[in-house]
Amino acid sequence: MEKTAKILKKPITSTIIAIVCGFAVAAIVLAAAGYNPSAAFGALFSGIFSKPKYISNVIIKATPITLTALSVAFAYKVGLFNIGAEGQYIIGAVAANLVGYLCNFPPIIQIPLVVLSGVAAGALWGGIIGFLKAKFGIHEVLTSIMFNWIAFYISNWVVSSARFHEPNSTAAYPVNPSSYTMLLPNWKTSDAGLAVLKGHKALREVLLKTDVNFGFVIAIAAAVFVWMLLYRSTKGYELRAVGLNRDAAEFAGISVNKNIIITMLIAGALSGLAASMVITGTDPHRISTLSAFENNGFNGLSVAFIAGSSPIGCIFAGLLFGGLLYGGQSIQANIGAPSEIINIMIGTIVFFVALTAVIPKLAVRLEKRGMHNAAK
Amino acid sequence: MLLNNLSLLIGNTFMYSAPLIFGALAGVISERSGVVNLGIEGMMTVGAFVGAAVGYFSGNAWVGFLLAGIAGGLFALLHAVASVTFKADQTISGIALNLIGPGLALFLCRLTFSGATMTQPVPHKLPKILGGAQRNIVAQNFNFDITVILAFAAMIVLWFVLYRTKWGLRIRSVGEHPAAADTLGINVNRTRYGCVITSGILAGLGGASMTLAVIQQFTPTAISGQGFIALAAVIFGKWTPQGAYGACLLFGFAQALSVFPGLAHTSIPPEILAMMPYILTIVVLILFVGRSVAPKSDGLPYEKGVR
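Taken in sequence, the protein lines are chains F and W.
The numbering used here puts the first residue of the first sequence at 27, with every later residue one more than the last.
The numbering used here puts the first residue of the second sequence at 73, with every later residue one more than the last.
Hint data in this document are derived by calculation from the structure and do not stem from the laboratory.
Where a beta carbon is used, it is the ideal one built from N, C-alpha and C, also for glycine.
Be careful, since some hints might not be right.
[Claimed, not checked] Taking CB as the label site, the calculated pair distances span:
1) F/S187 to W/Y235: 46 to 52 Å
2) W/Q314 to F/F251: 42 to 48 Å
3) W/V355 to F/R395: 55 to 61 Å
Excised from the complex, chain F in its bound form:
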């Protein structure tokens, strides 16, 4: 009994149960619609794992949402709901694109410059939200939604402006190749590179057919940074105190307002970093006219919640989400079931993540009952 209770109390147990429930509900929906669930899941998994380039694409897809998830999870730990990750991502993409296009230094200077300009723009966008909350008490959800739309229109304005619009396209001019953060961008298409790769089939497929880049490494580093900041630093102690009880933190001499601004600056920087890695690391290396939100930030919300707002958990939840998004396309291609089943599945997983939060509480009750019985 105690052993069961111990397992049930672990957060990972709830998450796994939620994922299983997500698959179960998706299976029921597919079966009800007249599709074979096992064929669908077969297509999903082979769409994720069957070729090296698929795995590479899943990781590429997971990169931005892992970083925006970190942005959301970090703010959530400080008691702030960063629904503005979407806007911070967009504005980061605009900044990275513009700086990468206007400047053309050697990569050693160019790459940090482009990446950091995206980070700075995201931080600014998040920081304003934090400032408005700290200074005027305006709800961060309200300002976040407004700033998402402002970023959306700024992006479209830049794309359509005479200075940056590439003729006969719906996009801005791409960044200069010196900004690229793919793995060996020049070598892999050179004669020497092609000669070496000839002997390595998997490596060749991954390098030449996908934009394999340094983004996910950066995302892992960012996750470790956020974890260290939250759990291994004095500042993190302050931040979590603000998240747990604002009044108590204030009473203990922690400046709540200052910490709110710092939190939103960092959260915005993480979302901006997500955009920088996409612009520098994946084709087409530029921003396009948006007709609707691309959900890089909004998906980060889901990833963060699947991860239970744990920074390290975001890496795995990001990969799961990226895998479902990417592999889900092959469900439609192979068995004809609408690919939206993936959205239903992800939504269900998130829903059950909310529901299964009750499990650790039940485990405590189970444990108490066990002790009670033992006492008898």
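Got chain F sorted already, so can you dock chain W onto it with the hints?
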């Protein structure tokens, strides 16, 4: 000419605000009872699809409108189960609904409309208040969709219920201090269930007023962000029906301005015009509105016996 332009602007403002108003009222009723509803977007999308699909197959827009409300209410039941019975994190549950709702709507759309992500146009939209097309341009611009009137009526009814009836007093007390309400014999859980389901019905109607009045069919972008704008309007309007209504009119005006032909040949880029309302909102908040304080127990699950 001026009169024509002005009436066009006003007409479009009301047209675009109607779906937002339903969505915002959905947020108000849920949050006043203490349940944060971030799932308005998802609920509106479900309503938008059901409204258009039923409107198409039955040929009667009113049947579509009605069923959209019912579908929204049923969908909201998920949120109620999670946030009231399971005492789950309401933010997470709401976000989940925003994923499931559009997913389900598009999934069903592809199944019923042979793989297409949009429904066929409905044969008849919901009626306009003056009936068919008007010869006079001004009259035509003021020939509002019936949903504009319904949205106004819904705001009045919700205001009346919340502030002038015992039911409203109960809802508000449950949202502010559920433990105190409980000791007075009010069933906190049942009240919250009722409010969340009503919230879903309103959001569903909001979605349908998009696809049965503003446009004539369901498309993947029919509901794109309206639910979040509605959410912003709830906070902007300080969780009151009348405040949220006013905020929605501002956002509707914004949208009307961005499609206003009179501004097409000015030197201001259309994107800058389109973002003005959001900037204006922030300015208004800083200068006049200030601190927005949610109902005291908004977002907190109620557990008996816990102080």
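Consistency of the hints with the structure:
| no. | hint | result |
| --- | --- | --- |
| 1 | F/S187 to W/Y235: 46 to 52 Å | holds (49 Å) |
| 2 | W/Q314 to F/F251: 42 to 48 Å | holds (46 Å) |
| 3 | W/V355 to F/R395: 55 to 61 Å | holds (58 Å) |
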